[in-house]
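Peer 1: Sequence:
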Amino acid sequence: MIDPKVRRYLADLQDISDRNEKTKMILEGGQHFFSFSRISLLAFSPLHFITELFVTKEKDTLLLSNQRDDIRNLPNVLKAALKKQAICVMNAEKSQVPVKYMEQFHFSTFWIVPLCYANTVQGFVVLDQYQNAQPCNEQMLQSIKSYFFLSSQILSSLYAKPFQPISKREIEVLQHSADGYSYKEIAALLEISEFTVRDYMTSAVKKLNVTNRTQAVAEALRQHLIQ
Numbered sequence: 023m024i025d026p027k028v029r030r031y032l033a034d035l036q037d038i039s040d041r042n043e044k045t046k047m048i049l050e051g052g053q054h055f056f057s058f059s060r061i062s063l064l065a066f067s068p069l070h071f072i073t074e075l076f077v078t079k080e081k082d083t084l085l086l087s088n089q090r091d092d093i094r095n096l097p098n099v100l101k102a103a104l105k106k107q108a109i110c111v112m113n114a115e116k117s118q119v120p121v122k123y124m125e126q127f128h129f130s131t132f133w134i135v136p137l138c139y140a141n142t143v144q145g146f147v148v149l150d151q152y153q154n155a156q157p158c159n160e161q162m163l164q165s166i167k168s169y170f171f172l173s174s175q176i177l178s179s180l181y182a183k184p185f186q187p188i189s190k191r192e193i194e195v196l197q198h199s200a201d202g203y204s205y206k207e208i209a210a211l212l213e214i215s216e217f218t219v220r221d222y223m224t225s226a227v228k229k230l231n232v233t234n235r236t237q238a239v240a241e242a243l244r245q246h247l248i249q
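Reading the sequence shown from the start, the letters are residues 23 to 249 in the working numbering.
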């Protein structure tokens with residue numbers, strides 16, 4: 023059960039149209055209501071298992087980043103993704119956290135909350151540097167899960183069109199296009215007709231809400247659908 027004050031705070035965020043400002047306020051709310059000094063947001067590409075840290079709110083400072091990693095190198099994050107459930111890591115040094123992240127963030131105890139949209143994990147929230155004298159118990163963990171679940175719904179409401187998954191074949195066509203191949207060359211590589219290649223690209227353009235092949239490739243790269 024989420025606290026009424028928290029629910030009112032999130033309701034007020036509905037009036038903010040700027041996505042960056044809304045994200046900042048969600049992180050500040052997480053710090054205030056749950057007594058964490060540092061909260062990080064990570065994007066996730068389930069097709070390529072790539073997660074990317076893009077913003078951290080540490081005390082009063084907002085830090086932007088583009089640090090990427092394969093989720094299979096991050097056992098705790100992978101566990102949260104597979105279970106689609108928040109997890110608490112009580113002892114970071116004994117929980118397979120890569121050395122480079124221990125040196126960068128000096129983790130001790132931290133929480134990982136997956137953000138789901140259309141039943142697909144699209145990102146994660148990592149909370150650490152807990153500042154409250156009261157232990158973070160199961161009730162608080164449930165409140166954290168509820169807060170960021172509602173937060174993810176608020177953020178997803180900014181997108182005008184519903185999520186349309188890109189098919190494996192469309193990804194292949196986009197990837198080969200990004201690599202510089204023509205439609206004719208892609209057709210030969212995939213052993214399909216050039217007309218079929220064009221159909222896949224047309225579908226990808228529509229799903230990515232862009233207007234042409236070049237924009238589709240750029241958007242797919244931005245979303246980490248291709249590399």
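Think of the hints as simulated: they come from the structure by calculation, not from any bench. The reader is advised that the hints may include incorrect statements.
Lysine-lysine pairs mimicking PhoX-like chemistry, simulated, CA-CA at most 25 Å apart [stated by the list, open to error]:
| hint | residue 1 | residue 2 |
| --- | --- | --- |
| 1 | Lys228 | Lys46 |
| 2 | Lys105 | Lys81 |
| 3 | Lys116 | Lys46 |
Computed beta-carbon distance windows for the label pairs [stated by the list, open to error]:
| hint | residue 1 | residue 2 | range |
| --- | --- | --- | --- |
| 4 | Asp92 | Gln153 | 30 to 36 Å |
| 5 | Ala155 | Thr233 | 31 to 37 Å |
| 6 | Arg29 | Leu211 | 50 to 56 Å |
Everything numeric in this text was worked out from a predicted model, so none of it was measured. Quick reminder that beta carbons are idealized off the backbone N, C-alpha and C, glycines included.
Peer 1: Would you mind marking each hint as holding or not holding in the structure?
Peer 2: A quick look at each hint next to the structure:
no. : hint                        : verdict
1   : Lys228 / Lys46              : 30 Å, violated
2   : Lys105 / Lys81              : 30 Å, violated
3   : Lys116 / Lys46              : 32 Å, violated
4   : Asp92 / Gln153: 30 to 36 Å  : 32 Å, holds
5   : Ala155 / Thr233: 31 to 37 Å : 56 Å, violated
6   : Arg29 / Leu211: 50 to 56 Å  : 52 Å, holds
Comparing the model with each earlier hint shows violations of hints 1, 2, 3, 5; every other hint is respected.
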